[in-house]
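Chains A, B and C are the protein sequences, given in the same order. Straight run, no breaks: the first sequence in this note's numbering ends on number 311. Straight run, no breaks: the second sequence in this note's numbering ends on number 223. Straight run, no breaks: the third sequence in this note's numbering ends on number 342.
No wet-lab data here; the hints were simulated from the structure. Treat the numbers as computed from the prediction; the structure is a model and nothing was measured. Note that the Cβ used here is the ideal one computed from N, Cα and C, for glycine as well. Careful, some of the hints might be misleading.
To be verified - Going by beta-carbon spacing under 8 Å, a handful of chain C positions derived as facing chain B: (1) Thr93; (2) Ile134; (3) Ala135; (4) Gly192; (5) Ala195; (6) Glu214; (7) Val260; (8) Asp263; (9) Pro265; (10) Glu272; (11) Gly292; (12) Gly307; (13) Met315; (14) Gly320.
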Amino acid sequence: MSQRTIRRQIPLALTFIVGIIITANWFIDLTPLNDLGNTITNFNTVMVAFMMGFAGVNILMIHTRRIQKNMSQGNMIDVFYSVLLLGSLIIWIAVGIFMGRSSDTYQWMYTNFNLPLSSTAYAATLFYLASATYRVIRARSTETTILVVVSIVVIMGNMPMFVTYIPALMTVKNWLADVVVTAAYRAITIGVGLGGILMGVRTLLAMETGFLGATED
Amino acid sequence: MADVIGLWISAILTIMITTLAWKDTPVSKTAEHIYLGVITANSIVMAWGSIDSSAIQKIMSGQILYIIPVILGIMAYARYSKENFWIYRYPIALVVGIGVGTAMSGLVGGSVIDQIKSSFWSLNVPGDIGASLNNLIMVVTLVSAMMYFIFTIKATRSPIAIKLSTFGRYAMMAAFGYSFANTIATRINQYAGRIAFLMLEWLQLG
Amino acid sequence: MGENGGIGKTLANLPTWLYFGLIIIAMAYITLYPLGFPIPISDQTRYVYAAVDVLETGDIFFVNMGYESGTIAFMEPGMVAVFRHAISKGVKLVIMSTAVESPMLVGRLMDKVKPEASGYVYGEDWVHLGFIAGGEPSYASLMGDINGLVTEDYQQTPTSDLPLMAELGAPTHEKIALVGIWTAGGDVIEGWIRQAAVQYDLPLITEVNEMMVPTLLPYYPINLDGILNGGIGAAEYENLSGFAGEAIKLSDMMTMGGLVVLIFLILGNIGFLMTKGGKK
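Sequences and hints are given; from them, build the entire structure.
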């Protein structure tokens, strides 16, 4: 077998074979096929879980390099940041795996570090959105005027304070959701669905091979 | 005692990372780096739990077949070697094939057939002119929004098609306006949670 | 025009610190002095309520807790309200997670739900399976044969020791009365729509963040039985089910924060129309 066959064609054939088995499993109710389909999807869970480790390896590689570079350049503050990152990464993994993810220690670390940091990092995006709302969302054309007017009505409709005094806001908001938004997003859903099917067929037929990576054979 | 220390750590980290919205400072950067470390670590810890439950325990109980995904999972790390990068292609090819096969079958039913089937709205609802009118608006909106994505429509130079496509654009802007208003609600709710934590749990003002 | 332009320019360029400061002050103030406006209930919230309300004692409610701490402020109150409602009906709960942070949030969630107060026993009436990797193919596995995929719960107790898991033998989907998805990920809810609702015609309810709701409306009522609209929906559900909790308090904060954003959106546009827009 040539190197090309081993390194490229067999993986593409595997994509096609498992894709067909899983697709057939959806449409055909046959116990051996269903069992095979279930086993393959169970395998997927394990493989994907392993691949979740890529994030850790990437961070380890990037920040080890960064520490070396900043040490040589005397950027001690950047060295501190990288050491802090790698230190927390290693401590959390060690406690989570060796003391157990359901241990009180790991739960305490999660509640007092991960939770405030993660929830605030997401929440802080409010300020970027608020800034954009004030400085960018302007009634410049017919389209943007529609967007601004509908936004104002729905923002008001989302607030009990306005709905209490103007009950019609709720009616308008519900009408927009049930009629205009449903129909417009349905067009997008159908389009995305058709696009997804097309992309899936192209992938199974080896016409999309980007997932194999850019490295040459 | 541990609870009090934890509460103070939470509050200080909340304030530290909030300063990100103002600008990048050593304070926000410190919080950012801890954040990146702990969330990555947590995802690895949880992934290990999934491997343990879905493979290791099975192998220990005699289901030897599950050694296959473990080996494939380890093979995936060949992506960090230039010479052996091709080994990584085996597990990723399988994951992509399984993912595509699973999603594609459902897309046919959920995103296409069911969507089209439920778009046959009655244009004449007996005794309910409002419902008839709403259904008409839905049909026109759906058709015109789909026409907007047919990029060759201008070449046909059909004035009706062009007008419908323009109406489709307006309808989608209305839908995006709705989404935008809801996005604001989401972001405010997220931040409200943090303010409530600082005011009620940390400062105990309420 | 010059004067208008001056006022317009001022309105369109108010300082950011004033804007952000007002948002924070308004929300902080209202935490201490709630408005207490009645919360109107939308149709979608009623549909979710109805889907839970038809469940009977002993029915199994399969839940994917797929939110991270970023959306905990409104996902958790929604989940607490729905769980309390389900528990009041004697429904059994099977909880798993597709988000890596979710398993760490189950403890505080159940502390608020207090299933033991209703006589619920872990393993018999509710289980927590923890994080399950793999995305949509894993949902297919779970619906096919949950015990074929998962061998232990989050506390690492073998699933063979949990009577509720024995009830969920293959094919698992036949034992499930309702599927509930709490997530901030579009791929998660769409994956579940395909694997539970389209494939097995299972009733499916969801709480997603408000910004995702419009993208899910086309799936109602064919594949989705109801959508809780983030924090707004959670407050409505609390109001409807009579389990007043954190979402109702959050609703006031959302109102005040939203009011500041709304005022600035309007001011920005007035300023724009008085300057550039006016010139056009």
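Here is what the structure says about each hint:
1. Thr93: Cβ of Thr93/C sits 4 Å from chain B, so the hint holds.
2. Ile134: 6 Å, holds
3. Ala135: 2 Å, holds
4. Gly192: 6 Å, holds
5. Ala195: 4 Å, holds
6. Glu214: 5 Å, holds
7. Val260: 4 Å, holds
8. Asp263: 10 Å, violated
9. Pro265: 15 Å, violated
10. Glu272: 4 Å, holds
11. Gly292: 6 Å, holds
12. Gly307: 12 Å, violated
13. Met315: Holds: closest Cβ of chain B sits about 4 Å from Met315/C, inside 8 Å.
14. Gly320: Result: holds, 6 Å to nearest chain B Cβ.
The earlier numbered hints that this structure contradicts are 8, 9, 12.
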